[in-house]
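Chemist: These are the residues of each chain, in order.
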Amino acid sequence: MNWKRASIAAATAAPVIGLFAWGLTRDPNNIPSPLPGRQAPAFALAVFSPGQGRLTRPVGDTVRLADLKGKVVVLNFWASWCLACRDEHAALSQMAATYEGKPVQFLGVLYNDVPDKGMAWISEMGGQSYPSVDDPGARVAIDYGLYGVPETFFLDANGRVAYKNTGPVTPGTVRLKVDSLMAAAQSAASVTPSATPSSAPSGAMAKDTSRPSAKAGSAK
Amino acid sequence: MTRLVASNAILVAAAVSALGALLTPIAIHKGRRDWLMLSYAAVYTNFVLVTLATLALVWGLVSHDFSISYVAQVGSRATPTFYTIISLWGALEGSIVFWAWVLGMYAAAVVWFNRHREGNLVPYAAATILMVALFFHILLIGPANPFQPVVPVPFDGPGPNPLLQNHILMAVHPPLLYLGYVGFSVPFAFAVGAMLAGEVANDDWIRLTRRWTLVAWGFLSAAIIAGMWWSYEVLGWGGYWAWDPVENASFIPWLTATAYLHSVMVQERRGMLKLWNLNLMVGTFVLTILGTFLTRSGIISSVHAFTQGTIGYFFLAFIAVVLLAALILVAGNSDKLGSEGRLDAPLSRETAFLVQNLFFTVFMFTVLIGTLFPLVAEAVRGVKVSVGTPFFNRMSVPLMVALLFLMGVGPALPWKKAAGAELKGRVLPGVVVGVLLGVAALLGGARNGYAVLAYVFAGFALGVNAAEFVRGANARVKAHGELWVTALMRLVSANRRRYGGYVAHIGVVLVALGVASSATFKTEQEATLKPGETLTVAGRTVRFKNAWGREEKQRQVIGATMELMSGSRVVGIIEPRMNYYPTQQQPVPTPEVRSMLSGDLYLNLMAFKQDGSNITVKVIWEPLVPWIWFGGLVVCLGAIIGIWPSRERQASRSGSANAAAPPMTEGRA
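Chains as they are written, first to last, in our numbering: chain Z, 1 to 220; chain F, 221 to 889.
Chain Z with its partners taken away, still in its complex shape (with noise of 0.2 Å):
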């Protein structure tokens, strides 16, 4: 027996099966976005979808992100032919609805889709308490480096990209971001008028989720 051999051989195999091991609690797909901690891209795109009762813009209308400083805006890339945009229709319509009379903007961005379509899937779900804008030619979606649909992105009141969510969003993830959010502003507000950069917790926050949703790939 050769035990020199055999020592250097397993010494040689041991790290790859470390490295191995510890591969298998890494998800590869979950690339993360370079974009939270950053300031959002800008955007001025027309409405296309009102929205309802207080939450309404009028179609037609040019919603700027320069125009919705001091709020925070939770910005949702959707199509009516996304099917995990469903599962957070709900959702997203509702906390919408609760945070009325709060500075806070839910927009909905509509990816390579032609408006009559998205309109007729918001009725079909039942409305969307607030307004979608069209975006053609995806041009938002790629400065967003949109990746697929649903994607969620949660900028703060100065416009930086807090976080972002892959997939369908859950009430608690919205609430969760929202709220503090909207905490970091006001304390930033109370602590100087103008609010400095560093107090927003994007630091804590600039994680991805994973990546649930039905856009795993296509098998061969």
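No wet-lab data here; the hints were simulated from the structure.
In this text, all values refer to a predicted model and were calculated from it rather than measured experimentally.
We put the beta carbon where it would ideally sit given N, CA and C, even for glycine.
A portion of the hints provided could be inaccurate.
[Said to hold, decoys possible] Derived Cβ-Cβ restraints for the label pairs, each shown as a range:
{"no.": "1", "chain 1": "F", "residue 1": "Leu857", "chain 2": "Z", "residue 2": "Ile31", "range": "38 to 48 Å"}
{"no.": "2", "chain 1": "F", "residue 1": "Ser788", "chain 2": "Z", "residue 2": "Ala42", "range": "50 to 60 Å"}
{"no.": "3", "chain 1": "Z", "residue 1": "Arg139", "chain 2": "F", "residue 2": "Val541", "range": "47 to 57 Å"}
{"no.": "4", "chain 1": "Z", "residue 1": "Asn30", "chain 2": "F", "residue 2": "Val282", "range": "35 to 45 Å"}
{"no.": "5", "chain 1": "Z", "residue 1": "Glu100", "chain 2": "F", "residue 2": "Val605", "range": "38 to 48 Å"}
{"no.": "6", "chain 1": "Z", "residue 1": "Val114", "chain 2": "F", "residue 2": "Gly362", "range": "41 to 51 Å"}
{"no.": "7", "chain 1": "Z", "residue 1": "Asn30", "chain 2": "F", "residue 2": "Gln806", "range": "20 to 30 Å"}
{"no.": "8", "chain 1": "F", "residue 1": "Leu619", "chain 2": "Z", "residue 2": "Ala42", "range": "45 to 55 Å"}
{"no.": "9", "chain 1": "Z", "residue 1": "Arg139", "chain 2": "F", "residue 2": "Arg601", "range": "28 to 38 Å"}
{"no.": "10", "chain 1": "F", "residue 1": "Gly362", "chain 2": "Z", "residue 2": "Ala42", "range": "47 to 57 Å"}
{"no.": "11", "chain 1": "Z", "residue 1": "Ala42", "chain 2": "F", "residue 2": "Thr301", "range": "51 to 61 Å"}
{"no.": "12", "chain 1": "F", "residue 1": "Pro802", "chain 2": "Z", "residue 2": "Arg175", "range": "31 to 41 Å"}
{"no.": "13", "chain 1": "F", "residue 1": "Asn613", "chain 2": "Z", "residue 2": "Ala90", "range": "41 to 51 Å"}
{"no.": "14", "chain 1": "F", "residue 1": "Thr781", "chain 2": "Z", "residue 2": "Glu100", "range": "54 to 64 Å"}
[As the list claims (entries may be wrong)] In silico DSBU-like links for lysine-lysine, alpha-carbon gap of 35 Å or less:
{"no.": "15", "chain 1": "Z", "residue 1": "Lys69", "chain 2": "F", "residue 2": "Lys604"}
{"no.": "16", "chain 1": "F", "residue 1": "Lys765", "chain 2": "F", "residue 2": "Lys829"}
{"no.": "17", "chain 1": "Z", "residue 1": "Lys4", "chain 2": "F", "residue 2": "Lys556"}
{"no.": "18", "chain 1": "Z", "residue 1": "Lys102", "chain 2": "Z", "residue 2": "Lys117"}
{"no.": "19", "chain 1": "Z", "residue 1": "Lys102", "chain 2": "Z", "residue 2": "Lys69"}
{"no.": "20", "chain 1": "F", "residue 1": "Lys750", "chain 2": "F", "residue 2": "Lys773"}
{"no.": "21", "chain 1": "Z", "residue 1": "Lys117", "chain 2": "F", "residue 2": "Lys750"}
{"no.": "22", "chain 1": "Z", "residue 1": "Lys117", "chain 2": "F", "residue 2": "Lys829"}
{"no.": "23", "chain 1": "F", "residue 1": "Lys604", "chain 2": "Z", "residue 2": "Lys71"}
{"no.": "24", "chain 1": "F", "residue 1": "Lys765", "chain 2": "Z", "residue 2": "Lys117"}
{"no.": "25", "chain 1": "Z", "residue 1": "Lys71", "chain 2": "Z", "residue 2": "Lys117"}
{"no.": "26", "chain 1": "F", "residue 1": "Lys698", "chain 2": "F", "residue 2": "Lys637"}
{"no.": "27", "chain 1": "F", "residue 1": "Lys773", "chain 2": "Z", "residue 2": "Lys117"}
{"no.": "28", "chain 1": "F", "residue 1": "Lys636", "chain 2": "F", "residue 2": "Lys556"}
{"no.": "29", "chain 1": "Z", "residue 1": "Lys4", "chain 2": "F", "residue 2": "Lys636"}
{"no.": "30", "chain 1": "Z", "residue 1": "Lys4", "chain 2": "F", "residue 2": "Lys250"}
For chain Z, the structure is supplied; the task is to place chain F on it using the hints.
Modeler: Showing chain F alone in chain Z's frame:
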């Protein structure tokens, strides 16, 4: 009922495998050879039980028994019966059942053919293969159990993944792959058996498994080619190889196995490279398991998404156990594996094999490292990277070109030492064909150095290998006065292994020519056409006639009828389609390929107006791509020639007493 039969069959098979494997060392230790018959019986029983479980699963699929979890997962009443049957390997659990069945079949066959052999090699090999079988049974009982009850029983299921029911090759590629992958369990088990039995110094484990290794290699080669073809015919991108981890997983063990097929001849002939061959075989088996692990655990990002779960940990544990056990065994036996001979001259076939092995090993590590690099990078630097085609192409093209050259050098060189004059005669045809092809490539417009070299060396290898047939046949004509064709047939059948190898070489040359040509001269164009408009690519014109749609049982089909033109005459109809499956949001592209000797006209429907007023179509001219598939067939033909039992061997087998004699009479390359 079906479910219970199947899951109990697997449970019993697991117990039988474990008992059979345990019994072997006990029987040998106690000197009870009669007990060994029991462990052989365990191998046969295992096969019967796994066959039962496999048939039960197929029956469950065909009878739409949605109380079985696997059927509920991949079955659907709308799926045609043919695709229902082949969805046996359409998802993880079914694939593992199929794997276990193939393994059981190989085990039963190899034990049956070697049941009369004296000594402890075959019993230990049987025990090893039973241990491997046990691992797969554990998978089937644990993380990949296809026979779980479903309550309440659904009325219908989602059906298999649309991509997997869109082409006939889905019936061909996976079984070939499993037959190849699993086949390497046989030589591996014999290698381990030889080490356990202390018989590693003689070459019996190699002789007894020579054909089995070639069978596995032939299936794996065919599987790789069929996988390329499938990807080419189904995915609509006009390519056949993307260095995706799943493709690499099948290619990596192929590289070590190919190296083994050559280096093993040096051992048989010269008594050298014994330790190396043992390592290559153990390595090939570990790499098949590693490949399965990489693709099935979800550890590496791939376009092929498989179900993920705890199965990765099981595979990892298995790899760790196999690696550790094999390493200890190999190291423990390494002192017995000294070389009997030594290299006599730098210009000899041994040296060519040695260099070839070096290149294949470097190739294997290149692909392996490229595949694993994203994992390493994340572990070491915490960054996400992806290693794509540019890396693999840059690294592998020089290696492939060099291997093409060696494929011409090896057959031209004799064993031990080459004599100048004879060598010249053997190399000359290669040089002529190589120069001709190189000039043709330059005239055709190839300007990339490696591309031109690929043509030159492919021609060189073609010339040398083909000349071997001519030379041998001529010699026979001279010696025996036979007809040339008869001489050729007898030449091949008297030295099946050698000439089978040359046939395989010629097949590889055809593949290489197809790959080089499609990489160098491919042209493509995309256009939006109204009815009556034409598009010309590489001198071939197609005209858009009309778009249409139709309902099929399990899908909706949108197609475009394109007319292939010759002047103003319509000489053919090509209909690229898009198939819409209800479970899939996006359509499955279904390109249509018109194959000619000189290449493929590849049409893919990219988009269409709903009213049929225009379509967007991609037309690709793919020169010599059919040669790849044909070359693959030739490679398999070579393997079959090498496997086919020769008359001398059959005669000598009947007398089992002189078990050591027949290999000496076998044709040797």
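Chemist: Run every hint past the structure and note whether it holds.
Modeler: Structure-based check of each hint:
1. F:Leu857 - Z:Ile31: 38 to 48 Å: 45 Å, holds
2. F:Ser788 - Z:Ala42: 50 to 60 Å: 55 Å, holds
3. Z:Arg139 - F:Val541: 47 to 57 Å: About 54 Å separates the Cβ atoms of Arg139 of chain Z and Val541 of chain F, which means 47 to 57 Å holds.
4. Z:Asn30 - F:Val282: 35 to 45 Å: 39 Å, holds
5. Z:Glu100 - F:Val605: 38 to 48 Å: At roughly 45 Å between Cβ atoms, Val605 of chain F and Glu100 of chain Z fall inside 38 to 48 Å, so the hint holds.
6. Z:Val114 - F:Gly362: 41 to 51 Å: Hint holds: Cβ distance 49 Å, inside 41 to 51 Å.
7. Z:Asn30 - F:Gln806: 20 to 30 Å: 22 Å, holds
8. F:Leu619 - Z:Ala42: 45 to 55 Å: The hinted range 45 to 55 Å holds for Leu619 of chain F and Ala42 of chain Z, with Cβ atoms some 49 Å apart.
9. Z:Arg139 - F:Arg601: 28 to 38 Å: 33 Å, holds
10. F:Gly362 - Z:Ala42: 47 to 57 Å: Distance hint for Gly362 of chain F, Ala42 of chain Z holds at roughly 53 Å.
11. Z:Ala42 - F:Thr301: 51 to 61 Å: Holds: the Cβ-Cβ distance is about 57 Å, inside 51 to 61 Å.
12. F:Pro802 - Z:Arg175: 31 to 41 Å: 35 Å, holds
13. F:Asn613 - Z:Ala90: 41 to 51 Å: This hint holds: roughly 49 Å between Cβ atoms.
14. F:Thr781 - Z:Glu100: 54 to 64 Å: 56 Å, holds
15. Z:Lys69 - F:Lys604: With Cα atoms ~33 Å apart, Lys69 of chain Z and Lys604 of chain F stay inside 35 Å; holds.
16. F:Lys765 - F:Lys829: Satisfied, since the Cα-Cα distance of roughly 14 Å is no more than 35 Å.
17. Z:Lys4 - F:Lys556: 15 Å, holds
18. Z:Lys102 - Z:Lys117: OK: Lys102 of chain Z and Lys117 of chain Z at ~30 Å, within 35 Å.
19. Z:Lys102 - Z:Lys69: Judged against 35 Å, a Cα distance of about 14 Å means the pair holds.
20. F:Lys750 - F:Lys773: Holds. Lys750 of chain F to Lys773 of chain F sits at ~30 Å (cutoff 35 Å).
21. Z:Lys117 - F:Lys750: Cα-Cα ~26 Å, so holds.
22. Z:Lys117 - F:Lys829: Since the Cα atoms of Lys117 of chain Z and Lys829 of chain F sit roughly 16 Å apart, the hinted pair holds (cutoff 35 Å).
23. F:Lys604 - Z:Lys71: 33 Å, holds
24. F:Lys765 - Z:Lys117: 30 Å, holds
25. Z:Lys71 - Z:Lys117: Given that 35 Å is the threshold and the Cα spacing comes to 29 Å, the pair holds.
26. F:Lys698 - F:Lys637: 26 Å, holds
27. F:Lys773 - Z:Lys117: 27 Å, holds
28. F:Lys636 - F:Lys556: 24 Å, holds
29. Z:Lys4 - F:Lys636: It holds: about 34 Å lies between the C-alpha atoms, which stays within 35 Å.
30. Z:Lys4 - F:Lys250: 31 Å, holds
Violated hints for the displayed structure: none, as all numbered hints are satisfied.
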